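K.L.:
Single-letter residue listing:
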Amino acid sequence: MEYSEKVMDHFMNPRNVGEIEDASGIGTVGNEQCGDIMRVFLKIEGDVIIDASFKTFGCGAAVATSSMVTEMVKGKTISEVMTITNEAVMKALDGLPAVKAHCSVLAEEAVQAALWDYSQESGITIEGLMPPKSDHGH
Amino acid sequence: MLYLDNAATTPLRTEVLEAMLPYMKENFYNPSSVYGPARKVRSALDDARVAVANAINAKTEEIFFTSGGTESDNWAIKGTLAAFSAKNGDTPPHIITSAAEHHGVLYVCKHLERKGVEVTYLPVDGEGFVSPETLEAAIKPNTAIVSIMLANNEVGTVQPMARLAEVTRSRGVLFLTDAVQAVGHIPVDVEGLGVDMLALSAHKFGGPKGIGALYVKKGTALLPVLQGGAQERNRRAGTENVAGIVGLGAAIRLATEEIPRELPRITALRDTLTDTILKTIPHTRLNGPKSHDRLPGNVNISFRFIEGESLLLHLDMMGCCASTGSACSSGALEPSHVLMALGLDHAQANGAIRFSLGGNNTEADIPALMQILTPAVQKLRTLSPLYDDFLKTKE
Ligand SMILES: Cc1ncc(COP(=O)(O)O)c(C=O)c1O
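Chains as they are written, first to last, in our numbering: chain D, 106 to 243; chain V, 60 to 454.
These are calculated hints, taken from the structure and not from any lab test.
Watch out, some of these pointers could steer you wrong.
Derived pair list, reagent style EDC-like, types lysine to aspartate or glutamate, alpha-carbon separation capped at 16 angstroms [as the list claims (entries may be wrong)]:
| id | chain 1 | residue 1 | chain 2 | residue 2 |
| --- | --- | --- | --- | --- |
| 1 | V | K451 | D | D114 |
| 2 | V | K277 | V | E250 |
| 3 | V | K438 | V | E454 |
| 4 | V | K438 | D | D114 |
| 5 | V | K438 | D | E124 |
| 6 | V | K118 | V | D334 |
| 7 | V | K451 | D | E124 |
| 8 | V | K199 | V | E186 |
These figures come from a predicted structure and were not determined experimentally.
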């Protein structure tokens, strides 16, 4: 199993680590059973993600995908963020080993869970957004 | 580079390489050939067999060379079942093993189970020990073999082997012990242990990879699993891995000679390393035995709130080689079956790292490791939502 240079860079120098004190939405996905937990914080103004951060417990790929996905959502509108798939996160990292593909799925789901939290708090409906799954069958 | 993964494999010793080289160059002959130069090769094999026999207090005719620990384990179990079935006809055989075995035994048992063999996986206690009473209670009239490892590769538990083997002997059941992690590191005496078969592998004690041996006590009903030529007295076919066998002989001779000096030295290193980690880094725990019944080089620590692979990667980037459990399970998503058998929860099992010390390690390696380890753990904890949650519950 070999990680790309991009993955190693985002693992060793993760971007956007930490909490956002006054986050608009927080999403936590995964569990200790499957070995990965991701928590994504979004700060939303109007329709735009003005800041994003994360905290992740997990393998190298879990840290790298969280770091990458927070980079990808920053400055985007909510509807743009809704189109970010796990494949896009993987591609941005120059790929992941097959056994680690689920980490990118988790990253996508963490962002959506944070958006869900935001929509619940603010009462704003987001087109196409599903409630987060409570558990992961990884 | 800081190499702390000697349970995965050890560097080939220079003296061993030197001993092997002539058998890959001028002494290339087939040891089964009759002419003079080939007889010289044959005598090198005999020599290595004596070295292995002496190292474990066996007779030379009880030592059979194999391609390593995995083949020895496979042969012992499958060959015993073949002999059992030859004698008992349709009676399905029963195997007893433990839940903390190496995959070289465990997956053989799982494979046979799918083919209708009955298997009992004995539980281990919180430190990895099998109790003789539990073993005794599991024996059935159709039990063909008991396979329990002498020393565990992940947590270093050294079983009370003599007591376990005594249970089976009185019941007429054969006993195999996988001693791959023990030989060359702690004294191993097949007579004293009372086992019928014992597996060992050269690359765990300074020898080459792909060569090992199975000790088979005289009179043990074991059929071959590799059919072919008459090598190894008709019991393991195939032209011998001559250079490998010579390397095994040289390595086992050196390693066993050095046990009186290396065992206390590495044990002291182990204890210093363990104490240093537990004292310096909070929320850590030692997995495996706290007693002296532990491999001299094994340190297995769970770091709470972080995941083992990410810590390994960090150590790797800083030039330090360690492992999560066995080398084969890093990369897989499942937590170590050994740690789960010891009763750890997922979080503790996922955060476990094994440091295994060997002849190449010195006292200076401990501060060198701590310089890398302490900040790496700190950094990963600041990343961890579990650590956040923990700090919040404490407030
Ligand atoms: C306990 C144990 N048994 C068996 C093996 C397999 O030995 P080998 O690599 O020689 O096949 C190993 C090491 O890999 C081991 O640690």
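K.L.:
Could you run down the list of hints and mark each one as holding or not?
P.N.:
Hints, verified against the model:
1. Restraint check for V:K451 and D:D114: not satisfied, since their Cα atoms lie roughly 30 angstroms apart, outside the 16 angstroms limit.
2. Between V:K277 and V:E250 the alpha-carbon distance is near 12 angstroms, which keeps this suggested pair within the 16 angstroms criterion.
3. Among the hinted pairs, V:K438 with V:E454 is inconsistent with the structure: their alpha-carbon atoms are about 21 angstroms apart, more than 16 angstroms.
4. In summary, the hint linking V:K438 to D:D114 is supported, as the alpha carbons are separated by about 15 angstroms, within the 16 angstroms threshold.
5. At roughly 15 angstroms between alpha-carbon atoms, V:K438 and D:E124 fall within 16 angstroms of each other, so this suggested pair holds.
6. As the CA atoms of V:K118 and V:D334 are separated by approximately 41 angstroms, the hinted pair breaks the 16 angstroms bound.
7. For the given pair, V:K451 sits about 13 angstroms from D:E124 by alpha-carbon distance, which is consistent with the 16 angstroms threshold.
8. Straight-line distance between C-alpha atoms of V:K199 and V:E186 comes to about 26 angstroms, which puts the hinted pair past the 16 angstroms bound.
Hints 1, 3, 6 and 8 from the list above are not met by this structure, while the remaining hints are.
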